[in-house]
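Go by the hints and put chains Y, E and Z onto chain B.
There are 4 protein chains.
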Amino acid sequence: MSNKGRVKVGIIGSQFEADIHAESFKILPEEGEVVAVASPTPGNAEGFSRKHGIPKFFTDYRQMLADPEIEMITIAAPNSLHAQMTVDAANAGKHVVCEKPLCMTLEEADLMIETCRKQGVLLMYAEELFFTPKYVKAKQMADQGAFGKVYMVKQLEKHFGPHAAWFWDVKRSGGGVLMDMGCHGIAFCWWFLGRPEIKSVLCHMGTYVHGQKTKGEDDCICIIDFANGAKGVVEDSWARRGGMEDRIEVYGEGGVTYADLHMGNALPTYSEYGYGYAVEKAPSTKGWTWPVFEELWNYGFPQEMRHFARCVRRKETPQATGEDGRVVQEVLYAAYRSAGIGGKVMLPVRLKGIKRPIDLWLENRKV
Amino acid sequence: MSNKGRVKVGIIGSQFEADIHAESFKILPEEGEVVAVASPTPGNAEGFSRKHGIPKFFTDYRQMLADPEIEMITIAAPNSLHAQMTVDAANAGKHVVCEKPLCMTLEEADLMIETCRKQGVLLMYAEELFFTPKYVKAKQMADQGAFGKVYMVKQLEKHFGPHAAWFWDVKRSGGGVLMDMGCHGIAFCWWFLGRPEIKSVLCHMGTYVHGQKTKGEDDCICIIDFANGAKGVVEDSWARRGGMEDRIEVYGEGGVTYADLHMGNALPTYSEYGYGYAVEKAPSTKGWTWPVFEELWNYGFPQEMRHFARCVRRKETPQATGEDGRVVQEVLYAAYRSAGIGGKVMLPVRLKGIKRPIDLWLENRKV
Amino acid sequence: MSNKGRVKVGIIGSQFEADIHAESFKILPEEGEVVAVASPTPGNAEGFSRKHGIPKFFTDYRQMLADPEIEMITIAAPNSLHAQMTVDAANAGKHVVCEKPLCMTLEEADLMIETCRKQGVLLMYAEELFFTPKYVKAKQMADQGAFGKVYMVKQLEKHFGPHAAWFWDVKRSGGGVLMDMGCHGIAFCWWFLGRPEIKSVLCHMGTYVHGQKTKGEDDCICIIDFANGAKGVVEDSWARRGGMEDRIEVYGEGGVTYADLHMGNALPTYSEYGYGYAVEKAPSTKGWTWPVFEELWNYGFPQEMRHFARCVRRKETPQATGEDGRVVQEVLYAAYRSAGIGGKVMLPVRLKGIKRPIDLWLENRKV
Amino acid sequence: MSNKGRVKVGIIGSQFEADIHAESFKILPEEGEVVAVASPTPGNAEGFSRKHGIPKFFTDYRQMLADPEIEMITIAAPNSLHAQMTVDAANAGKHVVCEKPLCMTLEEADLMIETCRKQGVLLMYAEELFFTPKYVKAKQMADQGAFGKVYMVKQLEKHFGPHAAWFWDVKRSGGGVLMDMGCHGIAFCWWFLGRPEIKSVLCHMGTYVHGQKTKGEDDCICIIDFANGAKGVVEDSWARRGGMEDRIEVYGEGGVTYADLHMGNALPTYSEYGYGYAVEKAPSTKGWTWPVFEELWNYGFPQEMRHFARCVRRKETPQATGEDGRVVQEVLYAAYRSAGIGGKVMLPVRLKGIKRPIDLWLENRKV
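So the protein lines, in turn, are chains B, Y, E and Z.
For the first sequence, our numbering assigns the number 21 to the initial residue and increments by one for each residue that follows.
For the second sequence, our numbering assigns the number 21 to the initial residue and increments by one for each residue that follows.
For the third sequence, our numbering assigns the number 21 to the initial residue and increments by one for each residue that follows.
For the fourth sequence, our numbering assigns the number 21 to the initial residue and increments by one for each residue that follows.
Everything labelled a hint here was simulated from the structure, so no lab data went into it.
Each hint should be verified, as a subset may be incorrect.
It does not matter which identical chain is used: a pair holds within one copy or between any two.
Claimed, not checked - Derived EDC-like pairs (lysine to aspartate or glutamate); straight-line CA-CA distance at most 20 Å:
id	residue 1	residue 2
1	Lys306	Asp163
2	Lys169	Glu273
3	Lys235	Glu217
4	Lys301	Glu134
5	Lys169	Glu217
6	Lys306	Glu273
7	Lys335	Asp39
8	Lys191	Glu50
9	Lys235	Glu383
10	Lys233	Glu273
11	Lys191	Glu66
12	Lys24	Glu127
13	Lys169	Glu66
14	Lys335	Glu50
15	Lys46	Glu128
16	Lys301	Glu265
17	Lys169	Glu292
This one's a predicted model, so the numbers in the text were calculated from it and none came from an experiment.
Chain B with its partners taken away, still in its complex shape (with noise of 0.2 Å):
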């Protein structure tokens, strides 16, 4: 490894997330470059390079770990296989990005921290919402002073369910809606709030549409309660028609302020005839729609890559780390909890043991 030039990046994935930072890297390009693609399906890294003009590309992904070339790691595989990954690629040497979830359980959580740690390469969380160019202008204004004190802080994300038919399964998940997009309003309202202790979680969950095709949940408010006196309000459902949902409202004692990623950046469209592409998830390009435009940037997918590549130059000190994701996990665990018993659950959890987060809901669901 030069230390020099551009990052050079292997993507363990060929799916939905694993495009994204491909195409991150293209929109801006200048910091970090993709060397390499790894996926065990027979022909999907291959294809995957040739549509996103990568030089090599491996079905295991432990041969790419051995490329003394490739700098950084991005891993887009299933959430049951991120401690893995994490481990031989920070034991290989190599920088480690990580999407959300982090894992799925706190002792993998703090395995992966460790071994990196150990290993002296970083351990970067995807949270691309630190990136998101609206979200951040909310937390600007709110650092400012906009706001006064800011008590209370949503994020929103729902849709009709995700395509890939394992985030239906909770074994192979290991939970619903909460798990898949819960984490993501978890770690927003901690980073907005100045990352406070947090106190304690009440959750509601149910499932109230899908329950022919999951034990998931497929709604849920999440309430957290922060040392320093504020609360997170976290909304998820895969029960929402009529397309793509991400939205906050922060509230402060002096303010107040709105975000809303896709109808409030979208162009109010009608068309009897339908077009190329809306936005992710959109039921149809016909009749009323919101297209997006840029939609990567505007979820801020390029600018987090290129942080995470300056801060493997060193130019740059991490910004959502192992740490962020453990937290989240500790969140996600008080949750289902919370759901379970039907009351609130104090911080910090010392569960051990778990599984798969969600039967923490299931099995002791008394209510």
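Just chains Y, E and Z now, kept in the frame of chain B:
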């Protein structure tokens, strides 16, 4: 009483809500007319009668109740007086319209219902959201199957706190924002879903901004589980800057709708100079504002009062009754208790001897 | 005629506009009631009377005019019949409410005004925008000085074209979208600005989408210079997809306001299944739609009819008269001529013998 | 010049637009870098170079043109200097990026185009709307057939007037708001529709609010007829209160889309205290505001400058050229003349010897 012509109405009260009652009968005058007003404060009733062109005024509401011309009483007095006034009016043979919340305790609610039943008069509960045209349209669409099975209904009501001093004193108000505005949301969710049995209540509240002024909660989220499998979400705040917010969200497996009474109906307006009136609780009429038009009509107050007058003439059956108010009262008990214990409270609530609903939070606060 | 109680109304017509008249008196019944309807099409008047609970029906409107009980006639018939019907009604001693546009020619307008004057009956012009609550609020703010001196007023009205066949035939309609909907915008700007003298008209029009169906213009922009230094802008279209649009913009040196009657008041709604009714001319009730609530009230029709009934009882002075309709007619002449010659037309317009306003465009088209 | 690596850029100017150029290359640095700046005002170039980290600075732009390292010049100087600077730069062998409007007269435009052609350098016209991501998305949808045949395109740009004094002096500016901002709308409509032949221009303008400050028009509507049967509408104002407006409307026989750069992308925000920065020309950061995020990116400036740098490296073909600027200039002539004579002006315009486009209005004003 002639039992013909327009229903003769007497108002108890001379403030904000009493004004709304008087104005409402002027907007839709064909079924009812205000013929008397009673207020104990010297001069208030007379001034009110002059302002609204009402023939008779009284300082003692009991004197007004003795007037044989009057057929229906509307109560726009502090919560703690509702029960006694209702009982007195019923015993005088008058139909009763009582403002929200119905009263302070479940025992009072039972007494009010029972007395009116015995006296053969109607006890009507002034929940105007049942008549709010925009919300009625949402319910019509739901009932027409637009959203398939509705699994979540949400109502939000937020501003920066009431003007009258007694709201801040929990001894006089019985509670904070949940008591003041949450009673609307509770009634709304129950009504919208077709009055299903209520299973349990989970509530989170706090005093975030106005702690120096009140012991009452100034921000809360209340989640109601209904026996039909749906949930209701009630969000209220006395800590939200920027003016009044009153809106609903309806989620079904087949669709979603949103209705915003204020920004969603208003005229986006910028004025350097200001103007007469924007909307209830607007912070200013300069800069950007959202002035309301036909405020009472858009809330549904005239339609509500017309309906109540028609009920007295037996042209219609009351759609908002003392029983509705009692359900709300029970949920208020459950919600304050839930916030106190930090967990779900199952219904029915069998608590007796409670003086003020908020005591169930303040005195049992564990978390 | 008793000259007391509710004004007795007879409607000429049985279609879209006649329905609005009948429904409007039901919504605000205290000042007027419909007692008769006349329509030449066999069965129509009878069906209409049954549908709306109207006691009398006629196939010949002249017979209805002979009924001494009737005090006020509303004309909801094709434009070309307005003048004769008005003259007949006036000669029968009835007050007249005439739908927009007032008539076909300036000569007709003069005859209508003169005949009503001579017979001592009121000629009221059914421009409901003068009563649209949201627009009235905008005018109130302007009159309160919110915007300082208003220098521009804009009214837009757009959809994908009328349903009835006769609108497309310029021989029967007298013009396209300017004649059909521009008459609203012209009246609106004039009224909003306080009825200042009109200096000149500049108009651009074309047949962009429906050329195979009509010779009439289906899209236009009309700019009116007023003697007080302000301008009015009227934008109309029969070629705009996605449903109905009706909105205004008001610009003053000290501020600005916007009022949108449809999307700006409606409930943003997504439905997989559809539902009863969204709004006039909505393309569908599936997908994303903006259903209206209390459509007639929000347009101001009931308020308008109540006002007209009050005028008959001399409780109010007509705020929309034959003279208003004549001004609109003169601007229509000027606008079609302007589009024909491609330049400004100064008022007053002294053209005589015009049969249809649109001929001033079609027959003089230079550009 | 190496013809490799990042294109070396010199900026002429040190104010508002020059800042945008410098910031844009920082946001997307991989294709171009600013190496020099020239400004005649003592100290300005040096200050600018320090602020943006630019190695070289000059008080005489001709000296900068002598620097062999510089490959591309961007001109952010007053309109009246564009032509001479372009000619000088071209003669020095530099590629030229010229801000809008291209120049003052058609003769200047011809000279600029011809000189650059002869010298073999690119003349690129800095119309950022061709790169505005939201508008680009609208064009993509149109090109994909979303709206069928597009018959009308509208672009609006409004605020309360420019800050710099020279804009108000028509001798220095050449015109008012049409010259200043209408050049964007003219370019936009033409580009959006695929650069069809322009048939005629009809324009209405006036000085409504700022008559004591300027002879220039502060509000205008300009309607362009294209040979393909579509029309373009350009609305501009220096008299609109409430902040910046920049938006488009696209109408086709099969659909419609709207794109709002400011309110439509921003965070609706209320602040008692204010904060750092809302958006260009915002009247305040207190009360309700619509703060922008990533302002330059959302306008498309960095994407535009990256494109121009790529053009210099022959990786892309210029999408905004001197020829585009000349078309705009011709429409400006036609529009001012149209406003002067109160009628349509056919293209091509063969007027010579015009000093300032606005003279065609001021000196020929008949109406």
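Against the structure, the hints:
Taking the shortest Cα distances, lysine 306 and aspartate 163 sit within 20 Å of each other only across copies (15 Å), while inside one copy they are farther apart (41 Å). In the homo-oligomer, the alpha carbons of lysine 169 and glutamate 273 lie at most 20 Å apart inside one protomer (6 Å), although the nearest pairing across protomers, at 36 Å, exceeds that limit. For the identical chains of this complex, lysine 235 and glutamate 217 are neighbours neither inside a copy (32 Å) nor across copies (25 Å), given an alpha-carbon limit of 20 Å. Proximity of lysine 301 to glutamate 134 under the C-alpha cut-off of 20 Å is found in neither arrangement, the shortest distances being 37 Å within a copy and 51 Å between copies.
For the homomeric pair lysine 169 and glutamate 217, the shortest alpha-carbon distance inside one copy (16 Å) is at most 20 Å, but the shortest distance between copies (40 Å) is not. For the identical chains of this complex, lysine 306 and glutamate 273 are inter-copy neighbours only, at 14 Å across copies versus 42 Å inside a copy, given an alpha-carbon limit of 20 Å. Taking CA atoms no more than 20 Å apart as the test, lysine 335 paired with aspartate 39 passes in neither setting, with 26 Å inside one copy and 25 Å between copies. In this assembly of identical chains, lysine 191 and glutamate 50 lie within 20 Å of each other by CA distance neither inside one copy nor across copies; the values are 40 Å within and 45 Å between.
For a Cα distance limit of 20 Å, the shortest separation of lysine 235 from glutamate 383 inside one copy, 12 Å, qualifies, whereas the shortest one across copies, 38 Å, does not. In this assembly of identical chains, lysine 233 and glutamate 273 lie within 20 Å of each other by CA distance solely across copies; the values are 14 Å between and 43 Å within a copy. In this homomeric assembly, lysine 191 and glutamate 66 never come within 20 Å of each other (Cα to Cα): the closest approach is 29 Å inside a single copy and 64 Å across copies. Taking the closest pair of Cα atoms, lysine 24 and glutamate 127 never come within 20 Å of each other, the shortest separation being 35 Å inside a single copy and 51 Å across copies.
Within a single copy, lysine 169 and glutamate 66 get their C-alpha atoms no closer than 52 Å, and across copies no closer than 41 Å, so neither meets the 20 Å cut-off. In this homomeric assembly, lysine 335 and glutamate 50 come within 20 Å of each other (Cα to Cα) both inside a single copy, at 13 Å, and across copies, at 17 Å. Taking the shortest Cα distances, lysine 46 and glutamate 128 never come within 20 Å of each other, neither inside one copy (32 Å) nor across copies (40 Å). In this homomeric assembly, lysine 301 and glutamate 265 come within 20 Å of each other (Cα to Cα) only inside a single copy, at 10 Å, whereas the closest approach across copies is 28 Å.
When the C-alpha separation of lysine 169 and glutamate 292 is checked against a cutoff of 20 Å, the pair qualifies only between copies, where the shortest distance is 12 Å, while the shortest distance within a copy is 48 Å.
In summary, the structure is inconsistent with hints 3, 4, 7, 8, 11, 12, 13, 15 from the numbered list given earlier, while agreeing with the others.
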